[in-house]
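All chains, full assembly: derive it from the sequences and hints.
Number of protein chains: 2
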Amino acid sequence: MSNLARITPANWPHPADYAAPPTAADRTRWAEADRAARPERLGRLRKRMIQEGVDGYFGLRWEHMRYLTGLPFDESEVAGSGDSGKFMVGLEDVWVLADSRYTIAVQRECPDATLYEIELQLVDEWPGLVAKSGVSRVAVEAMTIPHLTWERLRAATPGIELIPVEGWVEADRQHKEPSELERVAAACAISDRALAALLPSIRQGVTEKDLALDLEWRIRTGGADRLAFDVACLSGAEAALPHGAPGLRPVKSGEVLLFDFGAQVEGYRSDMTRTLFVGEPRERDLEVYRMVAASQDIVFDALGEAVSSAQRGIALPAGPSFDHMARDLITGDGRFPAYGHGLGHGIGLATHELPGLGRRSADVPLPDRTVFSVEPGIYMEGEVGVRIEDLVIVDVEAGLVERITNFPRDEVVVGI
Amino acid sequence: MSNLARITPANWPHPADYAAPPTAADRTRWAEADRAARPERLGRLRKRMIQEGVDGYFGLRWEHMRYLTGLPFDESEVAGSGDSGKFMVGLEDVWVLADSRYTIAVQRECPDATLYEIELQLVDEWPGLVAKSGVSRVAVEAMTIPHLTWERLRAATPGIELIPVEGWVEADRQHKEPSELERVAAACAISDRALAALLPSIRQGVTEKDLALDLEWRIRTGGADRLAFDVACLSGAEAALPHGAPGLRPVKSGEVLLFDFGAQVEGYRSDMTRTLFVGEPRERDLEVYRMVAASQDIVFDALGEAVSSAQRGIALPAGPSFDHMARDLITGDGRFPAYGHGLGHGIGLATHELPGLGRRSADVPLPDRTVFSVEPGIYMEGEVGVRIEDLVIVDVEAGLVERITNFPRDEVVVGI
Chain A
0 MSNLARITPA NWPHPADYAA PPTAADRTRW AEADRAARPE RLGRLRKRMI
50 QEGVDGYFGL RWEHMRYLTG LPFDESEVAG SGDSGKFMVG LEDVWVLADS
100 RYTIAVQREC PDATLYEIEL QLVDEWPGLV AKSGVSRVAV EAMTIPHLTW
150 ERLRAATPGI ELIPVEGWVE ADRQHKEPSE LERVAAACAI SDRALAALLP
200 SIRQGVTEKD LALDLEWRIR TGGADRLAFD VACLSGAEAA LPHGAPGLRP
250 VKSGEVLLFD FGAQVEGYRS DMTRTLFVGE PRERDLEVYR MVAASQDIVF
300 DALGEAVSSA QRGIALPAGP SFDHMARDLI TGDGRFPAYG HGLGHGIGLA
350 THELPGLGRR SADVPLPDRT VFSVEPGIYM EGEVGVRIED LVIVDVEAGL
400 VERITNFPRD EVVVGI
Chain B
0 MSNLARITPA NWPHPADYAA PPTAADRTRW AEADRAARPE RLGRLRKRMI
50 QEGVDGYFGL RWEHMRYLTG LPFDESEVAG SGDSGKFMVG LEDVWVLADS
100 RYTIAVQREC PDATLYEIEL QLVDEWPGLV AKSGVSRVAV EAMTIPHLTW
150 ERLRAATPGI ELIPVEGWVE ADRQHKEPSE LERVAAACAI SDRALAALLP
200 SIRQGVTEKD LALDLEWRIR TGGADRLAFD VACLSGAEAA LPHGAPGLRP
250 VKSGEVLLFD FGAQVEGYRS DMTRTLFVGE PRERDLEVYR MVAASQDIVF
300 DALGEAVSSA QRGIALPAGP SFDHMARDLI TGDGRFPAYG HGLGHGIGLA
350 THELPGLGRR SADVPLPDRT VFSVEPGIYM EGEVGVRIED LVIVDVEAGL
400 VERITNFPRD EVVVGI
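Those protein sequence lines, which keep their order, are chains A and B. Quick note on numbering: numbering that gives the first Met the number 0 labels position 338 of the first sequence as 337, and the sequence is numbered without any gaps. Quick note on numbering: numbering that gives the first Met the number 0 labels position 28 of the second sequence as 27, and the sequence is numbered without any gaps.
Derived by calculation from the structure, the hints in this document are not laboratory data. Be careful, since some hints might not be right.
[What the hints assert, rightly or not] Result set (DMTMM-like, lysine to aspartate or glutamate): computed pairs, CA atoms no more than 20 Å apart in a straight line: (1) B:K131 to B:D98; (2) A:K208 to B:E76; (3) B:K208 to A:E108.
[Said to hold, decoys possible] Listing some non-contacts, in silico: residues in chain A with all C-beta distances to chain B over 10 Å: (4) H13; (5) T22; (6) R28; (7) D54; (8) G133; (9) T206; (10) G222; (11) P280; (12) I392; (13) G398; (14) V400; (15) E401; (16) P407.
[What the hints assert, rightly or not] A few chain B residues facing chain A, derived, Cβ under 10 Å: (17) P71; (18) E74; (19) S75; (20) E76; (21) A78; (22) S83; (23) D98; (24) A141; (25) M142; (26) T143; (27) E150; (28) R225; (29) H340; (30) A349; (31) E380.
All C-beta atoms, glycine included, are put in the ideal place defined by N, C-alpha and C.
Okay, structure coming up:
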């Protein structure tokens, strides 16, 4: 079992323990790295296109728009942007669609792509786009394009073959470039700092909603461009809801307090969970906490061994094997139920991406030079919930298993 | 042309000019109204199902989940919720899918639906769902379901007929219930208050980002559950980007300052735009502003006449006719280009919904008892942009054309 220290106000972490927010120079460097990497990203996609015998790739996912063209969209922007940002990759060129609201943004943000101005619905623009880009056999992101749109595009250009494809860019995006990992780590440090800064504000009587808003504010004024997702702050038995929302419940002594949150830095995200103890921890809650920490520990140990083996040429284990390892430890102990969700997920432009470390994730070796979460939990309905979530970089060539969430995982006591 | 007053600090609006934030009693009343209305909403859907000869309706859009089942999802939650929240409406019952992360939420929030627990991918759960719900001919939201998912569901249950449908629930949702309109108006009042409260903070040198965050904070601590969408704050020539993002540009005297923002109250949204003058307005900017205000005025006048006619049995005009009216006024004047976007859009659970008031919106009469934006603009690239956006309720029976955005549309001067 883990050796966890007890962390009280006397030895609480301090915001200055964590890396400073990114500078303007960092941001410029990252933008330049992205622009320099884009031809290689497109080159890998085109290699796949040629292998699969297509001469066009029609993309609709915002992560892919950003990765391949530079357009800084995310889930909040796509809700209102219509067909703007969708893109066609040919064997030589890239076209980015934009209606009048987005033409200037595309010209600014996608310097190496060609603006394709649209005025009408996608189906009405499609024949022109296909003609202009000269494609005849087009891979289409079929887990994103709505069924009805697919049918309409097919009918609009009967001579053009549409090939439903899935996962091409996702598979590529799980291998992270150094400047991508830097941004994930920078987002982690902003989150660590924000939680350290919040600790003194956690007093009995303050509500989950107050604390969630306070933490969000610290993240967004502490160097983040935005949140990765809404802050979860759940106290006591509410922490047993793995996706609960902060409510008007006041923080109470003798309860746990769970925070799940993340930041975005130039498009790249962090994701961390800490479960704190308000006042003197209850024995049962400590037992649950130690069990979760132990189940996370064995995963980190196993990742270290896996990277050593990989340096000797043995493939990394598959994601599900790590989930089973953590789950079996909890189940084997017999006192508590194991988490119902997966052990972890890749992270980058999206909060959840490949690789998957769930029970039902793909049974293929983990990719190299990647970053993902390790987040076991125990949820006892009506009683208590505990989750601990860290991000970890795995890099075989560098012999590296690096936890980049640095806020302590020990028994942190607050509100006293 | 409009008679617009000049509003300086001496006669600025004050937060207390607008309705107070909703109380806990308001929220309870709205929740009860929703629960009471849900059987009628489902009844209208089932009537359509029977007309079209289907015995099941498989829904995937979060607006529809919320409207028909009560599950309080929005675009931020669906990003990570997998298949949870998707739902099947049968002729008698409703089933809401949830994996282990969401089962408690569904039980709490959807008291009149049946939880359908899922562990696997949708395609693997589908045969069980179809069997349990006893459906054999299923309408599927075909503008939301991904093409690949559609193909997989079809292959998984060859004996079940899938019918691609679009717009059934959208058409219904544009007719608003009184308690829906109350929430949109409450969200408007929160936005009005927040902007009034922000005015003294608008000083030369403060950046667009600072002001956007400040305004957001006032909205979220002023009674909103969340933003309707990210705050846009654009100064000077940046205001010519109808979808620009706030940057590090400092506010400067002699420039315009455009805010486009909205709040959410118990799921219902507001959306407003104001273009303020920082320091002494430039003559050219005033001319643009007055032109935009005039183009909005003639729409409101025409709406008033349309409602009077409708009370005598004449159908309301179609959305595009109002767009043409505002656009033609600007174009006919000849000095400035007209907006490239649409004149307006319905609003409710989603920020953009039916009815559409764009050039290419459906050429059908506006629905009765509805709410939409009227937001003409003029964008001169590299020079200046002006947009004025108000929400308006149209209710023929009540003889009502009510602007529910109450912050003045006059020439508001700030930063002096």
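For each hint, the structure was consulted:
1. B:K131 to B:D98: Satisfied, since the Cα-Cα distance of roughly 17 Å is no more than 20 Å.
2. A:K208 to B:E76: holds, 17 Å
3. B:K208 to A:E108: holds, 19 Å
4. H13: holds, 25 Å
5. T22: holds, 13 Å
6. R28: With a cut-off of 10 Å, R28 (chain A) remains clear of chain B, as the shortest Cβ separation is near 17 Å.
7. D54: holds, 20 Å
8. G133: holds, 24 Å
9. T206: holds, 13 Å
10. G222: holds, 12 Å
11. P280: With a cut-off of 10 Å, P280 (chain A) remains clear of chain B, as the shortest Cβ separation is near 24 Å.
12. I392: holds, 22 Å
13. G398: holds, 32 Å
14. V400: Non-interface label on V400 (chain A) holds, nearest chain B Cβ at 26 Å vs cutoff 10 Å.
15. E401: Holds, since 25 Å exceeds 10 Å.
16. P407: At about 26 Å from chain B, P407 (chain A) clears the 10 Å cut-off, so the statement holds.
17. P71: With a closest approach of 8 Å, the P71 (chain B) hint holds.
18. E74: E74 (chain B) check passes; min Cβ-Cβ to chain A is 5 Å, inside 10 Å.
19. S75: Result: holds, 6 Å to nearest chain A Cβ.
20. E76: holds, 8 Å
21. A78: holds, 5 Å
22. S83: holds, 8 Å
23. D98: For D98 (chain B), the interface hint holds, since the closest Cβ of chain A sits about 7 Å away, which is under 10 Å.
24. A141: holds, 4 Å
25. M142: With Cβ-Cβ at 5 Å, under 10 Å, it holds.
26. T143: holds, 6 Å
27. E150: holds, 7 Å
28. R225: holds, 8 Å
29. H340: Check passed: Cβ of H340 (chain B) comes within 6 Å of chain A, closer than 10 Å.
30. A349: Interface hint status for A349 (chain B): holds (8 Å vs cutoff 10 Å).
31. E380: Constraint on E380 (chain B) satisfied, holds at 7 Å.
In summary, the structure agrees with every hint in the numbered list given earlier.
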